[in-house]
Amino acid sequence: MTTKTKIPEVAVSQSTTDQGKWGMVIDQDICTGCQACVAACAMENNVSFVGEDDIAYGRGMHWIRIERFWKGDYPKVASSYQPMLCQQCGHAPCEPVCPVYAAVHSASEDLNLQVYNRCVGTRYCANNCPYQVRTFNWRDYARPEPLSNQLNPDVTVRQRGVMEKCTFCIQRINAVEDKAASENRQINDGEMLPACAQACPADAITFGRIDDPNSKVSQKARDGRGFMALEELGTLPRITYLKGGSLHGSNG
Amino acid sequence: MSKQISRRDFLKLAGVGAATTAVLTGCGPASRYVTREPYTKMPEYNYNGLSTFYATTCRECAAGCGLVVRTMQGRAIKVEGNVNNPVNLGKTCARGQATLHGMYNPDRVTDPIHHVSRGSSNGDKMDWDAATQVVADALSKNKPEEIAFLMGMAPDHLFDLVTDLTKSLGAPAPVRFGALSMFEARATLGQAAKDVLGQDGLPFFDVAGSDMVFSFGANFLETWLSPVAYTRNYAKMRRGNPDRRGYFVQFEARMSQTGINADEWIPIVPGTEGAVALAIGRLVAEAKGTSLPAVFSGVDVKAVAQDSGVSVDTLTHLAGLFANAANALAIPGGVALGQSNGLQTAEAVLALNAFTGNFGKPGGVYLSTLAPLADQYHRPANIKEMQDFINTLKSGSIKVLFVHGVNPIFELPKSLGFADALAKVPQVISFATFPDETAMQSDYVFPDHHGLESWGYQKVATGAGPSVLSGAQPVVSPFYNTHATVDVLLAAAQKAGGALASALSFKDEVEYLQSKLNALLTEADSYFSAPEINTFMADFQQYGGWWKTKDGLVAPSGVDVLGKSLKIDPAQFNGSGQYYLIPFVSPVLGDAGANKPWLQEVPDPNTTVTWNSWVEINPATADQLGIDNDDVVLIKSDAGSVEASVYKYPAIRPDTIAIPFGQGHTAYGRYAANRGINPADLLGPSLNGAGDLAFAGMKVSIEKTGKKKVLARLESIMGVYGTPQN
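Chains S and P, in that order, give the protein sequences.
Position one of the first sequence corresponds to residue 447 (this note's numbering), numbered consecutively onward.
Position one of the second sequence corresponds to residue 2 (this note's numbering), numbered consecutively onward.
Misleading hints may appear alongside valid ones.
Some residues of chain S that are not near chain P, with every Cβ distance over 10 Å (derived) [said to hold, decoys possible]: (1) V484; (2) P542; (3) H551; (4) A572; (5) P576; (6) F673.
Derived DSBU-like pairs: lysine-lysine, alpha-carbon spacing no greater than 30 Å straight-line [stated by the list, open to error]: (7) P:K551 to S:K662; (8) S:K522 to P:K705; (9) P:K385 to P:K144; (10) S:K517 to P:K710; (11) S:K467 to S:K662; (12) P:K289 to S:K522; (13) S:K467 to P:K237; (14) P:K168 to P:K144; (15) P:K395 to P:K168; (16) P:K303 to P:K568; (17) S:K662 to P:K237; (18) S:K522 to P:K303; (19) P:K709 to S:K517; (20) P:K144 to P:K517; (21) S:K517 to P:K705; (22) S:K522 to P:K700; (23) P:K508 to P:K142; (24) P:K700 to S:K517; (25) P:K517 to P:K568; (26) P:K237 to S:K666; (27) P:K400 to P:K385; (28) S:K522 to P:K237.
Partial pick of chain S residues on the chain P-facing surface, computed with a CB cut under 7 Å [to be verified]: (29) I476; (30) Q481; (31) N595.
Read the hints as simulated data drawn from the structure, not as lab findings.
If you're wondering where the values come from, they're calculated on a predicted model, not measured in any experiment.
Backbone N, C-alpha and C define an ideal beta-carbon position, used for all residues, glycine too.
Excised from the complex, chain S in its bound form (with noise of 0.2 Å):
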């Protein structure tokens, strides 16, 4: 006789707020381009480095990656450094394209996960992220002992055929919410800072609750000079950009 398990229903759950609970402002009028959130990044996460063909191919595994894009020609160029990572979308492309339900939306923390034990490696969600930051493991890559003593444990080691991208260092994230919970209070303001943020020399990167408008991640992202990364396509970034080369608070 065989009793008949009921298997567990998976949805695709979108957020149903525009709000979001977890964003960051990024600040280009003062972001240097110096790399140290890169660097941070893949210290905190334990990203792989791929070495110089794979890099080539176009196969680095930067979580986040500084944009630098030329206007103009000499002697009239000009440039600028956008720092560039997931946007934790609250309408994210590559949620309903994940055949196995590895990319999901976090219900609690309002972020778009990336289950590592369910990734089957169809690449179907980089393929639909329009900003291309969604990183393929294509090999395991080499970690020559002892490097590996400094792995972070808190944060899973992936390996070939997974998908990886930023986590807003969600690691951080719960031992914040831990801690506040065991202590009976709210986190605080500035509590819970990603490695890029915590990192960064200038102090473009800003992270907090934006459904908290008092908090000072809501009051930078009011800022007259914000934007959101191509916006136009709905899929509701919790990263606002604050434009630079212009004069505080005009958006021209």
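Go by the hints and put chain P onto chain S.
Relative to chain S, chain P alone:
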């Protein structure tokens, strides 16, 4: 400390608080006898999942940024900034973040080594007793004047010990050098400060308080002097004051990472920066309607416009900006000083500041705060002094050379002949942590701990307002069979006996540190105070150093620079080539980052190139020469030649090419060796008026080789890997 608390007891105590963010002292001096090692067998007191944090000091450059390193089960996991340290206030640069890839680097020197023949990769392992005996013999069996020490820019406590040691021996004082100091032209800055500010010291430019920054070649957002501090101040300049947004103009022939952040980038002919500064000064005086100071009166604006490639209109526009700003500031630095007229340039730019009257005022020019324990600012050796040093080595009068924290075979221009000079020294003892080029050419390598495994302090030369001594303590126990160089020298002094032994009768490195720190117990305005040294030491470790609570920036007295005329000689360029060469320090790798795999993987901010060297050529020039992206070209100077792939760089003068410094190692571990090229191979020995290298005073030629080597860029470009180029 009356009772020695064991680490086990201490962790029990610490666990009660269980605050994961508490920075541990390792419980004062007692902890030096405690090992912090990876727990293969978990001690029962260890709280699973809880991290311990140790404050220490970054050693990736000499700026002395404070770090807090997160460790778990005896492993160092993550480097974070020390929020208390006034230098970096909790922030770090990419090099600081990647320092763990140095400590856990697979290619460290693991044991003391004797190279039977120099340059061979195989060495015989020694034990430390024998190693110490070698050092003791070297110190006692040679005459004092036959002993030389060549030291790096960090750490300072070791430099102090070596200074004490050479003094008591009667040996020549240790020589100090670093590639960064060469490219920063520190001697030029110091000499210009003496001539214009009236005092010797390292100038501090208060970018944060300025609303109009004119930078003449200073790469202050990259590797210059104290990059994290300057970046913080830059952000404040831009957005720190809600009523104004600071404006920033950069003068340089090749747009640097700093230059990209400027509102206006002025592609100036290399070597004309000083003349342009004087011309702007003259135009500012005219715009303000003040009487023309003598220093600017001799300058012919039209001729300057002609020479510099900056039109009179642009100069007038810039002078208007400078004249109308509330707190205008001009910074001389980097490539502008690496010219034959670099000292005059520095003085001209400082004269521009003198004219605005910003000496010692917010948004102006100060002299950096003197660090604790420092009697005065000691700058590292300039190239003139290095040449003298090399000549001494060449003459054969030096019988033993000790090298620590510096890699002169890689860092110095090949044309100076350091490698040949080294061959003339009968005995070379290196204390290198990594198997770098100089260590490979040494007879002995007695590896020092990595910076994160070390005790020490760094006297902060510039960057912070208050006087800062950044403190270092081991965050983990040494991973390999390495010994602290201070301990080796102390032990050797005892073995050598005599006056040396009594002068350096310290039990170990910590006792030596304490003997120095004792002087701080009675200081006023102290960040923390302690009645006696053990308590002081515990605080010193917990806070990651010692600093004052008050700003100590020095308002320079200034001399009458405006009343005297200042002549700017035309810059001299060596070489018959057509193109100016700008070597610049890689903003990501710095001078010694190439052995850290994740730093190699971090893209250059401007080109997004990883893992290699490149030559930046203006696209128009490249088209003229029939060169495309990724074509390998041969760059020839008077001094040498290198081959590298071309990056068509839109923000460089058509008559200028640029090559990053940082790659091109022949040793230094698997991630650095045989990768890219070293532009120091192209540099000749020309100096500027302050004895610094005129590293940008070269003209080079470009030749096609017909080869192609694809650069690994993060940005995508058309035409790579078979897709047709548009």
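Assess, step by step, whether the Cα of S:K522 is no farther than 30 Å from the Cα of P:K237, and give holds or violated. holds, 27 Å
Measure nothing beyond the straight line between the CA atoms of S:K522 and P:K303; if it is 30 Å or shorter, mark the hint as holding. holds, 22 Å
S:H551 clear of chain P by more than 10 Å, beta carbon to beta carbon? holds, 27 Å
Take the C-alpha atoms of P:K303 and P:K568, compute the straight-line distance between them, and say whether it is at most 30 Å. Holds: P:K303 and P:K568 sit about 16 Å apart, inside 30 Å.
Are the Cα atoms of P:K517 and P:K568 separated by 30 Å or less? violated, 45 Å
Need the status of pair S:K517, P:K705: alpha-carbon distance at most 30 Å? Roughly 29 Å separates the two Cα atoms, so the pair holds.
Going straight from one Cα to the other, do P:K168 and P:K144 come out at no more than 30 Å? holds, 13 Å
Given the hinted pair S:K522 and P:K700, is their Cα-Cα distance within 30 Å? holds, 25 Å
Agreement of P:K700 and S:K517 with the hint, judged by alpha carbon distance not exceeding 30 Å: Since the Cα atoms of P:K700 and S:K517 sit roughly 29 Å apart, the hinted pair holds (cutoff 30 Å).
Hey, P:K508 versus P:K142, does the alpha-carbon distance stay inside 30 Å? holds, 23 Å
Is P:K385 within 30 Å of P:K144, Cα to Cα? holds, 26 Å
Would the pair P:K289 and S:K522 pass a check requiring their Cα atoms to be no farther apart than 30 Å? The given pair, whose Cα atoms are some 29 Å apart, holds under the 30 Å limit.
In terms of the numbered hints stated before, the structure departs from hints 1, 25, listed from lowest to highest.
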